[in-house]
Each structure stands twice: as C-alpha cells, then as structure tokens.
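Colleague: Residue-level listing of the chains:
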Amino acid sequence: MSRPHTSLSRRAVLVGAIGLLASGPARATAVARIASLGGAVTEILWRLGAGPRIAVVDTTSIYPAEILREKPNAGYLRALSAEGLLSVGPDLVIATEGAGPPAVLAQLREAGIRVELIAEPPTAEGVLDKITAVGRLAGLETEAAELHRAVAAGFAGLGRQRAAVKRPARALVVLSLANGRAMVGGRESTADGILTLAGLRNAADGLSGFKPISDEAIVAAAPDTVIMMANEGHAQPIEAVFAPGTALGQTPAAARRSLMAMDGLALLGFGPRTPETAEALMRAVYPDLPRE
Amino acid sequence: MAEPALLRARDLAYAVSGRSLVEGIAFAAEPGTVQIVVGPNGAGKSTLLRLLSGELRPSRGTVTYEGETLAEIPPWRLAAIRAVMPQAVRLAFPFTAAEVARIGLDGIGSGLDRRARDAILAESLGRADVTHLADRAYPTLSGGEQARVQFARVLCQLAAGRSVAERQVLFLDEPTASLDLRHQTALLDAAVSLAGRGAAVVAILHDLNLAAAYGDVLLVMEGGRIVARGSPEAVMQDDLVARVFGVPWRVGEVPRSRQPFLLPQRGVAAKSQD
Amino acid sequence: MRRVSRRRTGFHLGGAQTGFAIFAGLVLLTGLAILLSLGLGAVRIPPGRVLGILVGASDDPALARDALVILNIRLPRTLLGLLVGASLAVSGALMQGLFRNPLADPTLVGISAGSGLAAATVIVLGDRLRAAAGLPGPMPYPVLPVAAFLGGLATTVCLYRIATRAGRTSMATMLLAGIALAALAGAFTGLLVYASDDRQLRDLTFWPLGSLPGATWTKVAVPAPAILPVLALVPFLGRGLNALVLGEAEAFHLGIAVERLKRLVILLVAVAVGTGVAAAGVIGFVGLVVPHILRLGIGPEHRRLLPACALLGGALLVLADVVARLVAAPAELPIGLVTALVGAPVFLWLLLGRPTLSDG
Chain A
1 MSRPHTSLSR RAVLVGAIGL LASGPARATA VARIASLGGA VTEILWRLGA GPRIAVVDTT
61 SIYPAEILRE KPNAGYLRAL SAEGLLSVGP DLVIATEGAG PPAVLAQLRE AGIRVELIAE
121 PPTAEGVLDK ITAVGRLAGL ETEAAELHRA VAAGFAGLGR QRAAVKRPAR ALVVLSLANG
181 RAMVGGREST ADGILTLAGL RNAADGLSGF KPISDEAIVA AAPDTVIMMA NEGHAQPIEA
241 VFAPGTALGQ TPAAARRSLM AMDGLALLGF GPRTPETAEA LMRAVYPDLP RE
Chain B
1 MAEPALLRAR DLAYAVSGRS LVEGIAFAAE PGTVQIVVGP NGAGKSTLLR LLSGELRPSR
61 GTVTYEGETL AEIPPWRLAA IRAVMPQAVR LAFPFTAAEV ARIGLDGIGS GLDRRARDAI
121 LAESLGRADV THLADRAYPT LSGGEQARVQ FARVLCQLAA GRSVAERQVL FLDEPTASLD
181 LRHQTALLDA AVSLAGRGAA VVAILHDLNL AAAYGDVLLV MEGGRIVARG SPEAVMQDDL
241 VARVFGVPWR VGEVPRSRQP FLLPQRGVAA KSQD
Chain C
1 MRRVSRRRTG FHLGGAQTGF AIFAGLVLLT GLAILLSLGL GAVRIPPGRV LGILVGASDD
61 PALARDALVI LNIRLPRTLL GLLVGASLAV SGALMQGLFR NPLADPTLVG ISAGSGLAAA
121 TVIVLGDRLR AAAGLPGPMP YPVLPVAAFL GGLATTVCLY RIATRAGRTS MATMLLAGIA
181 LAALAGAFTG LLVYASDDRQ LRDLTFWPLG SLPGATWTKV AVPAPAILPV LALVPFLGRG
241 LNALVLGEAE AFHLGIAVER LKRLVILLVA VAVGTGVAAA GVIGFVGLVV PHILRLGIGP
301 EHRRLLPACA LLGGALLVLA DVVARLVAAP AELPIGLVTA LVGAPVFLWL LLGRPTLSDG
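Residue numbers (UniProt numbering), protein chains in the order written: chain A, 1 to 292; chain B, 1 to 274; chain C, 1 to 360.
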C-alpha cells in the first residue's frame, strides 16, 4: 500500500504545478479548445460561431450534422472517460448537468481543466439562461447577447400566438414504440416542457418523467394528436402507429389521423431552435391559428 | 478389559422424523478382524456405517474410538484413525486418477516428507491396480476403474494416517459393487492384509459368498437391528437366509474348507415372500 | 500446449514442471497486461516517458499532464482491474468448487443481483432519504459501494439461512434459493425503475454494465482492504475444496471440517463479489470463463487453480479494460460489454475445440 501514498503526495505537487500553468494564460485570453457535452450546448456554441473551437462532443450532440461528422466523440454523457477527454486537450469542458461519472469530472479538474455544468430546465427561461451561460464561458458575450435577443423574440412571438389558443388540444409524446409498448413523456419531462410552449396539454400528465405506459392508460389519456421521434428517418408509418386494435388506434388522434414525426433533439433538446420547433408543432395542431 | 476397544458402539439408535432406521446396536471392532455386514435393502447397513464413521450423529447411544467419544474427536484427527471407501463417487471436474488418490494424502500425517508421500501414492496406486490409469481424467474412467481409484485414495489415507495412529478402522461400503471378479478378490485381499497389519475392517457386502469367504465375523441386519452375528459357518443357515433375505435356497458347503456358499436358483424367490 | 499439459499432474515430475511453466506464463501475462494498461490510452505517451514517470525520474512540469494521466488515471484503474478481476475469477472458482458444478457463478446464486439491488436503491431513493433525514448535499461517494457490498452480504446470509437446516447447508437448496432471490432482486430493481426519474434511470441502466473509468485512488482504496485478505486466504482453501469435490461426506472422512469450510467460502465470496460489484458494477463471464480455461491448462486441482485464477482474472480484466478504452477513444465502452463480447465466443471456441469430458 505504499504506492498510493507516494503518488498521492506527488499528485499534490502536480496539481499545484498545473494550477499555476492553467491560471496564467488560459483565463486572460478566450478559451481555445472546448469539450462540448450536451446537444443544446453544442448547438449554442455552433450558433455563436465557436464551432471550430469545439474539440470534442458527446453522443447527444447530433446537430448540426457537420459537427457530428467532424468532431471526435467522447461517448455517452454519463459514461465519460477522463483520459479520453484529456487526449483531445480541451481547456474548458461545458457539460449538461448530469454529466459524469463525478469521479471523471474530478480527475479533469485535477488536470487543471475548467469543468462547468449547465442546468437544463425545460422552459423558455431555461433556454435563454443557457445561451447566456455558454456565451459567458466561451468568452463570446456579445454574440450570446445577440442570439439571446433573437431567441427571446422567437419565444415572445410564440407566446402571442399561443394566447389565441382557446381550447388546448391533448397531445401524447411517444419516445419509442417497441413491440407495441409505448414509452411516453409525462410531467416534469422535456416533452411536457415543449407541449406547454406549443400551447398543448400533455395527455400523459398522470405519469412523471419518461415512462412506459399501459394500453388502457393510452386510451384513457385520449390524445388528440400523437408526436413521435423521427431521428435518422426512422419514422413509423401512420398505418402502423394507428393500426386497428392497438391502443393508439382507439384514440381521438387516430380518428383525426393526427400524427407528427419530429426530430428528437429539436423537440426535446431545449436549444436555440426550440421556438421554431414549438411554433411548427403549434401550427400543425392548430392550422387556423392567426399569424402575426 | 485392559484397554478400551479400538471402536465400540453401545445401544446405538438413529431416527429421522420419527422413523427409526437403526436401533439397539451393540458393536465392537478390534485390530486384525474383518467384519462384514450383510442384509436386505433398507436393513440399515449404510446408516450403521455412517454412524460408526462419524458422518451421522446417533439419536441415542455412543460411539467411541479408543474410549474417546466420536463426537468429540475433531475431523482432522479422526481422518488419521479411520478411512471410508464410499459407494460410487462422481466428479464434475477432470481431476486425474493420481490427483484423486493424492487427495487422501493431503493434510493427513503432515509429518511425512514429499518423498514419503510419493512412495505411498505409488504403492497405493499399485495395490489398487490403477497405476496405468494415473494420468487419465477420473470422469472418463469406467465405474469399476473409478471404484479402484477411490480404493487407492483410501489406501493413501490409511498409509498417511499410520504415521500418527497405529490402530485404524477401514470402512468399505459395497466396495465390490462395480468390480469384475479379479478386482473383487484383489480388493478384499488387500483389505484382509490391512487387517493383518493392525486395522479393523468393517465392510458392507451384498454378495453372501464373498462375505463368507472374507469375513471373520458376519453381522446380519434386518429392520435396523442386528439379528445374527458370528462366523460365516454359524450364521449362514438355510432358515436365516430364507427369513432375512426371502430366498429359500439351500446353503452349500465347500467340501474341504467348510466355507458356506449360496447358489442362486431361478423362480423360487417369489413363493416365500410375504 | 493445453491439450498436452492437461493430463499432466503432480504425480510425475514433468507435470510439476509444466505447472511451473504455466504459472510463469501467467505471471508474465499479468506483467504484460499491466504494462499495456499503463502505456496505452487515448492520450499518446511514448513508452520511455511512461517509464520515466513511473520511476519518478521525470519532474519536468511540461510533462505534468502525462504524469497525471499515468499516476492518477491509468495506475488506479489498472490496480482496480487487477483486484476486481482476481476477485471475480477466484469467486467463480470457489463457488464452482463449493457447488461441485463448473457452471456455478456468483451471478447465478443472486449475490450480484443483491448487490445490484442495493445499489439501485441508493441511486433511486438515496437522495430522497437524505432529504427526509435533513442531511444536506448529494450522496457521498462511498455510500454506493458500501451499500452494494452490504446487499451482496445480506443476500448471501439469506441464502445460507434458507439452505441450512440443523447445522447442515444443502448446496442444492442454496442454488435454487439463489435463483429465486436473484429473480426477486431483479423484480425489486424493476420496481425502482418505475420510481426513478430520468437521471436516475440512466444511472440504473449503466450500473449493471460494469466499468472501471472513474477509477480513482479512493475507488481502489475502498475495495482493496476487503479483496486483498480474501486473496491471501485463498491458498489455504485448496485442500478443503479438493476434498469437497469428492462429496461432503468424503470431505468429512478426509478430515475436513465441512460446515466451517462452506461458511468460510460463502463469506469470502460475498465479500469479494460485493466489493467487486461495488467498485466496478456487474462484470460477467470472468468468474465462469477464467476457471474453465485454467482447468483445461493446469487441471482442476484447487491449490494450483485458485492462485492461477487470481493471476489470469486480473490480467484479463486489465486487458479488457485496455480494449474498452482504445476501441472507441476518446469515448469508452463499458468493460462488462467487452468481457461478454470476448468471453462468450472464447468460451464457445473452447467447448468446441476440445473433446468432451466423457471421451477420455
């Protein structure tokens, strides 16, 4: 057991040395290389023009497509590797809350890398705060203020149109439909957040978070419309989703043949595209809503 | 009695959930004797052996080795005093025959050096006629070959134990069941010669002819009790064979040695039953 | 080399030499695994520098980050891999000897499932319980591994109680009870899935895959005091397990205190598996494959088998970890995935490539 002790003390020396190194030039100038972990964070950085400075992304960063193609991938947000991240040499890690494991984040900090976690409440304010926070961390306050203004305007316009919705329709967000078993977004989920923004009522508000739902509960939820994921073009045909005899086939949505397939990150990512997504959703459900 | 018997049981009884398997057994074994337990299926022979070897605790009565109560002798010391050759032993792992036999040497008579152990192993394998099988995987051997390997293991244990305890007991539970004629006699000859070197041998046999040929004393068990005991000539009588084993066969006698024998006959067993 | 040496035993002098050669090979393999694990990773560090950093020759501040990678990331995960791999393989061999069945495995009798359930409970209910008790902040790190260890131990004690009547433990009952307890633990873990929120759900799905990333000196320091004594005790169990393989009665006749041996083995397995699962999650196949491979190579004799299992188990897990971190770099695969992906085909290949047990 003598090994750990000697290297622990050595570690203290190392950390001191790295701390001195890191605090010098890194803070003064804008951060050179950023590890961007989280779909919305990556999207914001790209919109701020920091795309070239992104050193590595995670599996949830799938927009824009060129990021996905060009950048090395650090894997799943919650199963990061300290050495993997160190190997791409970032100066700053911006990660969505929940990134981990915590020990890995601690090791990165030990290596003198700044690690910042961004909260993700699924609301308009959440998106705007995220833009400001990411802009500040990347040293791009001006660009962030501009994006903030644009996105805030989008939310404001969305709010005005939403005010015209008289009777909110009931919508069900189906995350996956495997073997006829549906996983849906309940209360306190990002699905619930986007429905609220789009002036829709969550038909699955009896559940909390993303949960599998029983056939009877689907019928009882009586959604007027069903929203599904269309990641990488894997949209299911409407005939299959509303097949007679299935639970979804007995809902008002089936009678109205109201099914929407939407990009998962755009729908649930709560990034700069959220106002447009919410508006598209709202327009699809309420086609007669007056435009601005 | 000057010194306590090597092995003695008094008023031994064993019952499982109210059902008596063995009852009222008195038994003693001294070095140099071969005692053979015979009896029909379910007579309690194996239970008696398990009680005497310490594997089962009696419900009543005591077993003593050299005057010491069996339950109070720790397993490691007991292992030097008595060895047990079980009925068929199957192995799930590919131990070689030599490795199985060597298990009998491990930890017993720990004063022995490596050379002495190797010598004991080689001699035991030879006496059990399995030297040529030494490197074969035990699970691939025939039933009879496996039984001989187990006998070699028992021989190892006794030889190693002899460095600690001079007077030993050897239990054999149907040792000849899967052996051919030559190996049956070879094994029992080996047991007799162990008795000649100071061991008390207690064996269960189903073959009354083998029992008569090798036993100094025959113990006949029926319904958990010993119903007859004595020399083969005294015990093997027509009426006892008919009563205990349910076969009305006449006991014959080898002309000069007066050794009794029993020749099976067709189709007469059913008549005397019930 | 395996085919020839399989039947060699301590009976012949040549057998002892073959055994020695295989042991020397295992030690070399373990050394090689350690070197690879320290030398390879997403961060490229030349071998010379690795060596320099290890012997402490390099105090060059320009190499500080490399030193950190080697001393604080690769070294602890190498040690953790050795410890966990050794404890998994040894536990497998112990269970197989105890149950006299080459297919027995700690995952089979529910010990891993019990650890997993305790971990899931902490993940899902931990924060709520802390909040209810008025404790501030998130769950401190050691709570999860300690809970997993206690879960494994509690499962084992349950099993033992169920299977023990009048001072005798029935291994058959224990095996059946283990399967039932594993199902029960699985069901309760499923219930917790329903009670969990999104974040907890993701933690739950990643827990059973097992992983070494995030191995820190703390994560090595927690299981080491439990696993090392187990490994130190293992050589003394060989004789008893050899005898036990013949049968419980036979082992008793050979002078083994059978009930005490069974209790000791069960306790050791619970400690080794509980802490192993706690430190690295549920890693499958090591406990099954490693003892099996070694029985083909050096035979089933436990005094040789158990130490060899410790060596090969450690080496294989460390190598699996090297693969896990290189294949998808800078991302990382769960190590349980690698052991299953590599272990299962190797196992099948071994089964196909040798004569069956019964054809001599």
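Incorrect hints may appear among the rest.
[To be verified] Here chain C is said to cover these stretches of chain A; the calculated rule only asks that three of the stretch's residues, wherever they fall, bring their Cβ under 8 Å from a Cβ of chain C:
id, stretch
1, 70 to 82
2, 86 to 98
3, 101 to 111
Worth flagging that the hints you see were computed from the coordinates, not collected in a lab.
C-beta: ideal position from N, C-alpha, C; glycine also.
Colleague: Check the structure against each numbered hint from earlier and tell me which ones fail, lowest number first.
Modeller: none
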